[in-house]
Amino acid sequence: MATAMRTQLDRLKVPVDKYREWEGGLSGPARIGLKIFKYLLAAALLALIPLAMEKEVFPLSTIGLTGFFGIEILFNTGYWILLALGLSVVVGLAGLLDLGYVAFFMLGSYTAALMTASGNVGQFHIVEWSPWAALPFAVIIAMLAGFALGVPTLRLRGDYLAIVTLGFHEIVRQTANNLTITNGSRGIPGIPNPSIHLFGLNLDFGLETKLYWWFLLIPGILLAVLMIRHLDNSRVGRYWAAIREDEVAAAAMGVPVTKMKVLAFVIGASTSGVAGWIYATKISYIAPNSFPLLLSILVLCAVVIGGLGSISGAVLGAALVIALPEIVRETSGGATPFGFDIETGRIAIFGLLLIVVMIYRPGGLLAAKRRRTELMEGSGTAGTAIAADVVAESK
Amino acid sequence: MANVFLKIDGVTMEFGGLKALSNVNFEIMEGEIFGLIGPNGAGKTTMFNCVTGVYTPTGGQVTFAGGAITGKRPDQIVDLGICRTFQQIRLFPNMTAMENVFIGVDARHQTSVFGALFRSPRHRREETEGEDKSLELLEYCGLRKYANDLAKNLSYGDQRRLEIARALGTKPTLLLLDEPAAGMNPVEKNGLRDLVRKIRDSGITVLLIEHDMKVVMGLSDRVAVLDHGELIAYGQPEEVQKNPKVIEAYLGSGAGGNAAVSDGQGAASDNKEDPGGG
Chain A
1 MATAMRTQLD
11 RLKVPVDKYR
21 EWEGGLSGPA
31 RIGLKIFKYL
41 LAAALLALIP
51 LAMEKEVFPL
61 STIGLTGFFG
71 IEILFNTGYW
81 ILLALGLSVV
91 VGLAGLLDLG
101 YVAFFMLGSY
111 TAALMTASGN
121 VGQFHIVEWS
131 PWAALPFAVI
141 IAMLAGFALG
151 VPTLRLRGDY
161 LAIVTLGFHE
171 IVRQTANNLT
181 ITNGSRGIPG
191 IPNPSIHLFG
201 LNLDFGLETK
211 LYWWFLLIPG
221 ILLAVLMIRH
231 LDNSRVGRYW
241 AAIREDEVAA
251 AAMGVPVTKM
261 KVLAFVIGAS
271 TSGVAGWIYA
281 TKISYIAPNS
291 FPLLLSILVL
301 CAVVIGGLGS
311 ISGAVLGAAL
321 VIALPEIVRE
331 TSGGATPFGF
341 DIETGRIAIF
351 GLLLIVVMIY
361 RPGGLLAAKR
371 RRTELMEGSG
381 TAGTAIAADV
391 VAESK
Chain B
1 MANVFLKIDG
11 VTMEFGGLKA
21 LSNVNFEIME
31 GEIFGLIGPN
41 GAGKTTMFNC
51 VTGVYTPTGG
61 QVTFAGGAIT
71 GKRPDQIVDL
81 GICRTFQQIR
91 LFPNMTAMEN
101 VFIGVDARHQ
111 TSVFGALFRS
121 PRHRREETEG
131 EDKSLELLEY
141 CGLRKYANDL
151 AKNLSYGDQR
161 RLEIARALGT
171 KPTLLLLDEP
181 AAGMNPVEKN
191 GLRDLVRKIR
201 DSGITVLLIE
211 HDMKVVMGLS
221 DRVAVLDHGE
231 LIAYGQPEEV
241 QKNPKVIEAY
251 LGSGAGGNAA
261 VSDGQGAASD
271 NKEDPGGG
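Protein chains in written order, with our numbering: chain A, 1 to 395; chain B, 1 to 278.
If you are wondering where the hints come from, they were derived from the structure by calculation, not from laboratory data. A quick note: this is a predicted structure, and the numbers were derived from the prediction, not measured. Beta carbons: idealized from backbone N, C-alpha and C, even for Gly. Among the hints, a few may not be true.
[Claimed, not checked] Below, a list of computed lysine-lysine pairs in the BS3-like style, where the Cα atoms sit at most 30 Å apart:
hint : chain 1 : residue 1 : chain 2 : residue 2
1    : B       : Lys214    : B       : Lys245
2    : B       : Lys72     : B       : Lys7
3    : B       : Lys7      : B       : Lys171
4    : B       : Lys152    : A       : Lys259
5    : B       : Lys7      : B       : Lys245
6    : A       : Lys259    : B       : Lys171
7    : B       : Lys245    : A       : Lys259
8    : B       : Lys245    : B       : Lys171
9    : B       : Lys7      : B       : Lys19
[To be verified] Pulled a few chain B residues facing chain A out of the computed Cβ check, cut under 8 Å:
hint : residue
10   : Arg84
11   : Arg90
12   : Ala107
13   : Thr111
14   : Ala116
15   : Leu117
16   : Glu188
Let the sequences and hints guide you as you build the complete structure.
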């Protein structure tokens, strides 16, 4: 009965979206099947990118992302997508400004390094495990760090929280810089690459087989997307939105504010743990200087450019932040208009683009549904459209 | 006689040197509409904050349905069955009316983080039930047609009703309304009166802060009057209206004994509260 009334209401107010209507009417197994199909399709498309690079297919060939170089950029974009997705949960969904996000990435990297490196035995490693065995630990340590940062900083909001997270990043970096076990500023060399020897399959990850890293990143990214989407379109996501909108009112409506904020930090840190592990095992060498403060700021840039709280936005933002300077370099062809060397000045061009995007698309390039309305004053139809989307996605 | 539902026992709230509440005692019976009145700055909202866990009183005890609730967190107090609205509207402005109510309804949901992650059957059931329940509550408060509109786009009076709908979503047994009629026109006020009575008749005890004497005297079964953080009168609305201390508090000492605080004409009618500020 109530459901019938709802449909009536939705007919009345929501612009008809044939696809969503069809999707909402599917049975349980069909819906799950469709979801699996969508993710497999996405995986297949992502897996085709390196092939397209090798074959120098049109848009990629024009922007210079081809071959060996292209795949390197692809890898960097991949782990940056993981970082941006995680930070998007903290900043975009829960509304907690985190300027030290890369600290979690660094902890993931160092955990991976300390559990696998065989460099100078006895000096800077704990155990000498296979990289695969270190993966869960990298994630868990990053999540624990998220918890550790979340608990004492709960009372802080906005600018104050930002300063504390900034300090957290510096604490982690300085600690790694000064401990014997992390080999101080010299860093940890000799982190082994992972390899797969299963069912007659012999995949040795390495310089010559960069592709494998990308294939490893694809399931990581898709799992992160799935996790964040499910959380966002649920009680948890509504609670985060409520905290972001008005913390006092949220608490008065029974939202366990403390718990939900810590959860945002922990979930956000999890993806950076994975990214840290992948980074450390690929690069084989990490040092405190690989994780400057600028990195934290750039991840935040990626999230903001893409659109706070928007998953597709985080992906696009990460891709832009990593690939854009390279594309500018590749396409400049050594041109120097007005004596300005585009190749060395590519970061300045990138900065300019940031400013332009923020002026003309303040919500980000692919703004999240909710955020979009925050920026569109007094538009009732936008609200209607969101309601339709949110209802459809929460199933 | 009904049971004592909420007991305010010697509650004192000090902010540094300022005593916002000093040794206030009153009891609310199950099933009544209880009015809490007093001039601006008398400590009414502070009392609400003490009951709902926003503040921990510096002295005294708040007992609800037989158990002490002083010092509990706001969300724990919601779990126990107390929910409130705010004097200065605190909706989630960029969420739809339905989502606002859904947040309240979520307070009674059990889906865990893992349930949400793995789309447990409970998650799916609660999402559907929550939608239905939210729409039902919007209907109940006369806001059904705004379900998909953003909260900030509703009119002032509708925002106040939406706050009530959201609070009802948490299934309270005691509902605290902080100046629900502020900023409403006479027609809206009548509607609000009907709504509050309807809520009480559905078995929810109501504690009401209100400046509009017509609304509060017409609705309340009993009334407590605060002035400068002290309880100056407590009882039936008719008695309280005649109490010289109350008249003095509202109209000043020169008003004499004849003037009764009878309707919205006194200094008490303060509808010019800053709309939506804070």
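Checked hints:
In summary, the hint linking Lys214/B to Lys245/B is supported, as the alpha carbons are separated by about 19 Å, within the 30 Å threshold. With a C-alpha separation of about 15 Å, the suggested pairing of Lys72/B with Lys7/B holds against the 30 Å cut-off. Restraint check for Lys7/B and Lys171/B: satisfied, since their Cα atoms lie roughly 20 Å apart, inside the 30 Å limit. With a CA separation close to 27 Å, the supplied pair Lys152/B and Lys259/A stays within the 30 Å bound.
In summary, the hint linking Lys7/B to Lys245/B is supported, as the alpha carbons are separated by about 23 Å, within the 30 Å threshold. With a C-alpha separation of about 22 Å, the suggested pairing of Lys259/A with Lys171/B holds against the 30 Å cut-off. A threshold of 30 Å between alpha carbons decides the hint, and for Lys245/B with Lys259/A the separation of about 47 Å lies outside it, so the pair is violated. Taken as a hint, the Lys245/B and Lys171/B pair is broken in the structure, with Cα atoms around 37 Å apart against an allowance of 30 Å.
Distance restraint check for Lys7/B and Lys19/B: the Cα-Cα separation of roughly 20 Å lies within the 30 Å cut-off, and the hinted pair is therefore satisfied. Hint status for Arg84/B relative to chain A: holds, with the closest Cβ pair at about 6 Å, below 8 Å. Below 8 Å, beta-carbon pairs count as interface contacts, and Arg90/B has one with chain A at about 4 Å; its hint therefore holds. Of the supplied interface hints, the one on Ala107/B holds, with its beta-carbon coming within about 3 Å of a beta-carbon of chain A, less than 8 Å.
A least Cβ separation of about 5 Å between Thr111/B and chain A falls short of the 8 Å threshold, and the interface hint therefore holds. At its closest, the beta carbon of Ala116/B sits 4 Å from a beta carbon of chain A; the interface hint therefore holds under the 8 Å criterion. For Leu117/B, the interface hint holds, the least distance from its beta-carbon to any beta-carbon of chain A being 5 Å, beneath 8 Å. The interface hint given for Glu188/B is violated, since its Cβ lies 20 Å from the closest Cβ of chain A, which is over the 8 Å cut-off.
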